[in-house]
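J.: Chains as they are written, first to last, in the numbering used here: chain E, 1 to 134; chain Z, 1 to 143.
Wrong hints could be hidden among the right ones.
[Stated by the list, open to error] To be clear about the criterion: a stretch of chain E counts as covered by chain Z if any three or more of its residues have a C-beta under 8 Å from a C-beta of chain Z, and this derived list gives those stretches:
no.	segment
1	14 to 24
2	28 to 36
3	114 to 124
Honestly, the hints are just simulated from the structure, not real lab data. This structure is a prediction, so every number in the text was calculated from the model and none was measured. Backbone N, C-alpha and C fix where the C-beta goes; we use that ideal spot for every residue, glycine too.
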Amino acid sequence: MRESRAARPVPGLRRVPTWVLVLAVPVVALIAVFITDVLSGNGGATAQSSATPNTVNIKNFSFSPNPITVKAGVPIIVVNDDNVTHTFTANGGAFGTGDLGSGHRDRVTVERAGTYAYHCEIHPFMTGTVRVAQ
Amino acid sequence: MTPRRPLLLLLGGASVLVSGYVHYYLYFKGGYRDIAPDSFAGFTISRSFAINAIAGFVIAWALVVSVRFPKLAVPAALAGAGFAVATLVAYLLTRTVGLLGFQDDQLTTEAVVAFVAELVALGALGSWLVGQRTLPRPVNRAA
Numbered sequence: 001m002r003e004s005r006a007a008r009p010v011p012g013l014r015r016v017p018t019w020v021l022v023l024a025v026p027v028v029a030l031i032a033v034f035i036t037d038v039l040s041g042n043g044g045a046t047a048q049s050s051a052t053p054n055t056v057n058i059k060n061f062s063f064s065p066n067p068i069t070v071k072a073g074v075p076i077i078v079v080n081d082d083n084v085t086h087t088f089t090a091n092g093g094a095f096g097t098g099d100l101g102s103g104h105r106d107r108v109t110v111e112r113a114g115t116y117a118y119h120c121e122i123h124p125f126m127t128g129t130v131r132v133a134q
Numbered sequence: 001m002t003p004r005r006p007l008l009l010l011l012g013g014a015s016v017l018v019s020g021y022v023h024y025y026l027y028f029k030g031g032y033r034d035i036a037p038d039s040f041a042g043f044t045i046s047r048s049f050a051i052n053a054i055a056g057f058v059i060a061w062a063l064v065v066s067v068r069f070p071k072l073a074v075p076a077a078l079a080g081a082g083f084a085v086a087t088l089v090a091y092l093l094t095r096t097v098g099l100l101g102f103q104d105d106q107l108t109t110e111a112v113v114a115f116v117a118e119l120v121a122l123g124a125l126g127s128w129l130v131g132q133r134t135l136p137r138p139v140n141r142a143a
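Let the sequences and hints guide you as you build the complete structure.
T.: This is the structure:
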């Protein structure tokens, strides 16, 4: 009997054809996907930054290259190619970009030679290493 | 059944669809497609986003169709409520201790939209399911 109670539609719904109910969700989903593709332009691929020897790219929640080796005093350019904000922060606080929004870039400089572990403060599982040579 | 109850199913379906869409968007457009800091039996945080999007679509479709095919209503409502609870718990884990190695301290618009949608889905479908149990059975006039 519960099924028959559940079947009783509200007056407005009673006039809605069954095929409309069956197709409503797929059509809405297709429209949403289409609009998303149109608004995002290139199908979601963000512009890949040109890689230079001292550039760390952030893409798909990972740093690349990792590890990176630079000379002391040479700026490291950090480019966020993800669609979310990240940071490039040394574990010991030796350097840090602060919040780096989608598509933004910043630079950090390390003066002392050594090996520095770093991470993203927002996503702690994102880690990497900078090797600074004299 | 009171007139409000099919609308609760539709509201639940719309909310589940919104949550699934947000996860679709994050998977394909938001950079969440290749995140796999940890995996469990081949299950990664990226795949969980894809599974959420597919499940959200299927459950939303079942909820809307169940307005006309009542045998589908209870299982669809249970699936929708379960979907909302599982997604909320997974989100809270990623904001606290982490899930499959993924942790996110960032509050984004997408997260807020999905969070609200899942709360609405849970409220609507939970109310509908509770109503199913508490409504008096109709009198059998033939008896």
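J.: Does each hint hold? Answer for all of them.
T.: Evaluation of the provided hints:
1. With 4 residues having a Cβ less than 8 Å from any Cβ of chain Z, the segment 14 to 24 of chain E passes the three-residue criterion, so the hint holds.
2. Note: the segment 28 to 36 of chain E has 5 residues with beta-carbon separation from chain Z under 8 Å; the three-residue rule is met and the coverage holds.
3. For the segment 114 to 124 of chain E, the stated coverage by chain Z holds: 4 residues have a C-beta nearer than 8 Å to a C-beta of that chain, and at least 3 were required.
The structure shown violates none of the earlier numbered hints.
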